[in-house]
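Taking the hints into account, I'd like the entire structure generated from these sequences.
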Amino acid sequence: MTDGVIENSEKGKASRGDVPVLQVKDLSVDYGVDKVWVPAAIDLNYEVRAGEVLAIVGESGSGKSASSMSLLGLLPENSRTTGSVKLNGREILGLTGSKLRQVRGRDVAVIFQEPMTAMNPVYTIGFQIVETIRLHNEISPEEAKERALKLLDMVELPDPDKAFKSYPHQLSGGQRQRAMIAQSLSCDPKLLIADEPTTALDVTVQAEILDLMRNLRNKLNSAIVLITHDMGVVADLADHIVVMSKGRIVEAGTAEQIFHSPQHEYTRKLLAAVPHLGQGGGGTDDVDITAALAAATQTELRGVDHDEQMRRERENEARLEEREREADTSRGAAVLQLTDVAIEYPKQGRVPAFRAVEGANLAIYPGEVLGLVGESGSGKTTIGRAAVGLLPVAAGSLTVTGKEISHATRKELFELRRNVGMVFQDPSSSLNPRLPLGESIGEPMFLAKVAKGADLQKRIETLLDQVELPRAYRNRYPHELSGGQKQRVGIARALSLKPKLLVADEPTSALDVSVQATVLELLKNLQKELGFACLFVTHDLAVVDLMSDRICVMRRGKIVEQGTRDQILRRPQDPYTQRLLAAVPLPNPEKQRERRELRAKLLASAE
Amino acid sequence: MPEMENTPKRGVPSKRPAYPTEHFVADAEETPVAATDSATTDDAPRSQWSEAWRNLRRQPLFILSGILILAVIFVALFPGIFTNEPPNENCLLINSGAGPAPGHPLGFTQQGCDVLSRVVYGTQSSLMVGMFATLGVLLIGGTIGAIAGFYGGWIDAILARLGDIFFALPLILGAIVVVQLPFFRENRSVWTLVVILVTFGWPQIARITRASVISVRNADFVTAARSLGVSRFSALLKHVIPNALAPVIVITTISLGTFIVAESTLSFLGIGLPPDVMSWGNDIFSAEPTVRTNPMPLFWPALALSLTVLSFIMLGDALRDALDPKARKR
Numbered sequence: 001m002t003d004g005v006i007e008n009s010e011k012g013k014a015s016r017g018d019v020p021v022l023q024v025k026d027l028s029v030d031y032g033v034d035k036v037w038v039p040a041a042i043d044l045n046y047e048v049r050a051g052e053v054l055a056i057v058g059e060s061g062s063g064k065s066a067s068s069m070s071l072l073g074l075l076p077e078n079s080r081t082t083g084s085v086k087l088n089g090r091e092i093l094g095l096t097g098s099k100l101r102q103v104r105g106r107d108v109a110v111i112f113q114e115p116m117t118a119m120n121p122v123y124t125i126g127f128q129i130v131e132t133i134r135l136h137n138e139i140s141p142e143e144a145k146e147r148a149l150k151l152l153d154m155v156e157l158p159d160p161d162k163a164f165k166s167y168p169h170q171l172s173g174g175q176r177q178r179a180m181i182a183q184s185l186s187c188d189p190k191l192l193i194a195d196e197p198t199t200a201l202d203v204t205v206q207a208e209i210l211d212l213m214r215n216l217r218n219k220l221n222s223a224i225v226l227i228t229h230d231m232g233v234v235a236d237l238a239d240h241i242v243v244m245s246k247g248r249i250v251e252a253g254t255a256e257q258i259f260h261s262p263q264h265e266y267t268r269k270l271l272a273a274v275p276h277l278g279q280g281g282g283g284t285d286d287v288d289i290t291a292a293l294a295a296a297t298q299t300e301l302r303g304v305d306h307d308e309q310m311r312r313e314r315e316n317e318a319r320l321e322e323r324e325r326e327a328d329t330s331r332g333a334a335v336l337q338l339t340d341v342a343i344e345y346p347k348q349g350r351v352p353a354f355r356a357v358e359g360a361n362l363a364i365y366p367g368e369v370l371g372l373v374g375e376s377g378s379g380k381t382t383i384g385r386a387a388v389g390l391l392p393v394a395a396g397s398l399t400v401t402g403k404e405i406s407h408a409t410r411k412e413l414f415e416l417r418r419n420v421g422m423v424f425q426d427p428s429s430s431l432n433p434r435l436p437l438g439e440s441i442g443e444p445m446f447l448a449k450v451a452k453g454a455d456l457q458k459r460i461e462t463l464l465d466q467v468e469l470p471r472a473y474r475n476r477y478p479h480e481l482s483g484g485q486k487q488r489v490g491i492a493r494a495l496s497l498k499p500k501l502l503v504a505d506e507p508t509s510a511l512d513v514s515v516q517a518t519v520l521e522l523l524k525n526l527q528k529e530l531g532f533a534c535l536f537v538t539h540d541l542a543v544v545d546l547m548s549d550r551i552c553v554m555r556r557g558k559i560v561e562q563g564t565r566d567q568i569l570r571r572p573q574d575p576y577t578q579r580l581l582a583a584v585p586l587p588n589p590e591k592q593r594e595r596r597e598l599r600a601k602l603l604a605s606a607e
Numbered sequence: 608m609p610e611m612e613n614t615p616k617r618g619v620p621s622k623r624p625a626y627p628t629e630h631f632v633a634d635a636e637e638t639p640v641a642a643t644d645s646a647t648t649d650d651a652p653r654s655q656w657s658e659a660w661r662n663l664r665r666q667p668l669f670i671l672s673g674i675l676i677l678a679v680i681f682v683a684l685f686p687g688i689f690t691n692e693p694p695n696e697n698c699l700l701i702n703s704g705a706g707p708a709p710g711h712p713l714g715f716t717q718q719g720c721d722v723l724s725r726v727v728y729g730t731q732s733s734l735m736v737g738m739f740a741t742l743g744v745l746l747i748g749g750t751i752g753a754i755a756g757f758y759g760g761w762i763d764a765i766l767a768r769l770g771d772i773f774f775a776l777p778l779i780l781g782a783i784v785v786v787q788l789p790f791f792r793e794n795r796s797v798w799t800l801v802v803i804l805v806t807f808g809w810p811q812i813a814r815i816t817r818a819s820v821i822s823v824r825n826a827d828f829v830t831a832a833r834s835l836g837v838s839r840f841s842a843l844l845k846h847v848i849p850n851a852l853a854p855v856i857v858i859t860t861i862s863l864g865t866f867i868v869a870e871s872t873l874s875f876l877g878i879g880l881p882p883d884v885m886s887w888g889n890d891i892f893s894a895e896p897t898v899r900t901n902p903m904p905l906f907w908p909a910l911a912l913s914l915t916v917l918s919f920i921m922l923g924d925a926l927r928d929a930l931d932p933k934a935r936k937r
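Those sequence lines, one after another, are chains A and B. Here the first sequence is numbered in my numbering, starting from 1 and rising by one per residue. Here the second sequence is numbered in my numbering, starting from 608 and rising by one per residue.
Worth flagging that the hints you see were computed from the coordinates, not collected in a lab. Computed from a prediction, not measured in an experiment: that's the story for all the values here. Incorrect hints may appear among the rest.
[As the list claims (entries may be wrong)] In silico DSS-like links for lysine-lysine, alpha-carbon gap of 25 Å or less:
| id | chain 1 | residue 1 | chain 2 | residue 2 |
| --- | --- | --- | --- | --- |
| 1 | A | Lys411 | B | Lys845 |
| 2 | A | Lys99 | B | Lys845 |
| 3 | A | Lys500 | A | Lys452 |
See below:
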């Protein structure tokens, strides 16, 4: 293959940084909707050099994915792309047929968000990687297999031979993403497009994948375009950042420029809206989690001066003691109390019952927000649902406002539900699409017979006022609202019966950051104003930090640690809590560098 | 993409540098920052049903099938407007099989009756069988399917098996057997035919409803309603069924056409409507012996049948496009 030699020499030239690997000039993408061109991306200009990570950041609808998929011609047929995209100086926009296929997979590879759907479930991982290799290289199956195994080893899969023979569903989410990365690297791409590569993953797994991508960038010298909405991920990986909003680039620059001196109003708003683990207390109450973790695990940080580190650790301790002294111990009777609770998903047909939570003890007192954090499968949502009586309690005692609900009758449950409100994760699916919003909000009040007729209408209006929505929204339907507005309606509905306990199950995880910020603020204000207790279930530690008085950490159905916000953040005791805290990327490149070192040491000492 | 208007929104290429590798900031006026989650209050609220209706109104397929169906219904309701000839009188054997004559544009049947008149008067029974069979199937199949899907467990197991048993019996075979029962043999009318069609037709609608209800049953808004104190049954009525209705409506519309076909098939075989009831099926049956020498008495009722069935199937397609925007062709 004489071709390969030329390609390699080109690559060598690019690595010196003379020619950008990717040059995008005046790129515009439009979608044809109802015979009108609707712009998705407008006049984009950027470039990426070898060994460099360019992060394209934006909220949903900003055009970040559409513009990146257009580079490879992967958009649906009702779209058009104009402008110029040069890969190593060669125009690739408008290529068709075999020339385009040659670019795809060999020169440019894509890592998708959800590896479960991006890989074909009926073929083994090995088969799929070998197929990709042999598609672009004329080599024997044996050679291809050897190369595939090398790749699987390179992405740090624990047992490459086993992974080679596995089907996608047999691997965990993180392993699947590694396999996906291995596949995308199979032909030494010059450019790697990573479309939200860690969004579907848990935070500890996300940290591992980010480590892997950083290692690969150093090893392979490819250019990487990282598309994400997560500022923490950006801070961890990016060299250059492009901020997009409504199809336009609003700001572009180095990571330092964007994070430390953002110029455009949108960038500033976006950065301000990102919740920052450790800064949830507001102003003076910031927690130096790096110092707290270093102290708790007795780790010496190389990147930080020894005396400086000691000072930070001492300061952290002092604050904690101060807070403990201030702590208010008069609490009243618990609104929600779990004693040795086990919760099972009942058996269905031949599927045996599944015990999702075991031996849980926790209590929420009036006017308090308890943040329940954990990764997927930890049982946090299960506890939330049991508190509303949607799941039966298999063992132990669960009381709501003093009443035992583990063996409640239907009527008692009905009574219970007047005291508990629930906000669901996905605002689009938690409202009946056929009902006007006023009816959704008013339904519980009507059923509980607390109001009807004109009185009911008035209560609905009051609730809409409380969640800061116009009263005219009463007659609207869910599909006419944005995600954040729908979630506000969800909150209004949950509060309609003036509950003593509000269970919020990941209420903002489906929302954009700036919308999340406004919804969280609203929820916080309402909680202060109305004084209900709140069980706040989430996977996002930064959000928990922002909302909670006390934090409870769950792992695999068990509560591993709980305490006040200060106790958990300033002196995390359980190794899992420490790992979880260390894995959260900070939206600040320098602090994140510190944190990364700490995390590496933490993991090394654990082995 | 065929001629599309160019949106004028695209800005003039501005004076920005070609490659903003340096710190680039867009013109604030060009990229205004909208208020987060701002509320829109300008247009009137629209439910999903009214959205579907708006979409439906613009579909040529819907307009065409709608006009045809309205015409068929009109003919069924007021047959006297379309023909002056009463269908079974003035049948003179002298006219047997004759071609068009003044006042008889479609000619005569073998018995010497006016073809147009028979086709016009036959509309009523064909349409009635179709409509009532559909209604019955919708009520019985819909209820059983919704209950099976929503409650699940053993109720589902029993109802689903019951449906499978009926599903396994071929309609024509079943109808032949049922018609032989003494009660049906003695009281053959439009209604006995409807009963037979419903008996063998409900499992299809039950299956569709069940599948649709199951997909909605676990939606968050049903859980939300339950967590707020809505009982299971009212959750089914108020929250599940309205959201599960769309595919059922589509299949029901299409099956209305197929029931009319089934009526004709059974009548043709002599086990449908009694010979004294005028229907397209009966007319096709009686014209069949002379189809090679005089095909026209068979052609006209068959044409009426095909047009009616076709328009119901087209309506079903149009409804599917309107009610399920995701499945819509690009």
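Go through the numbered hints given earlier and state which of them the structure violates, listing their numbers in rising order. 2
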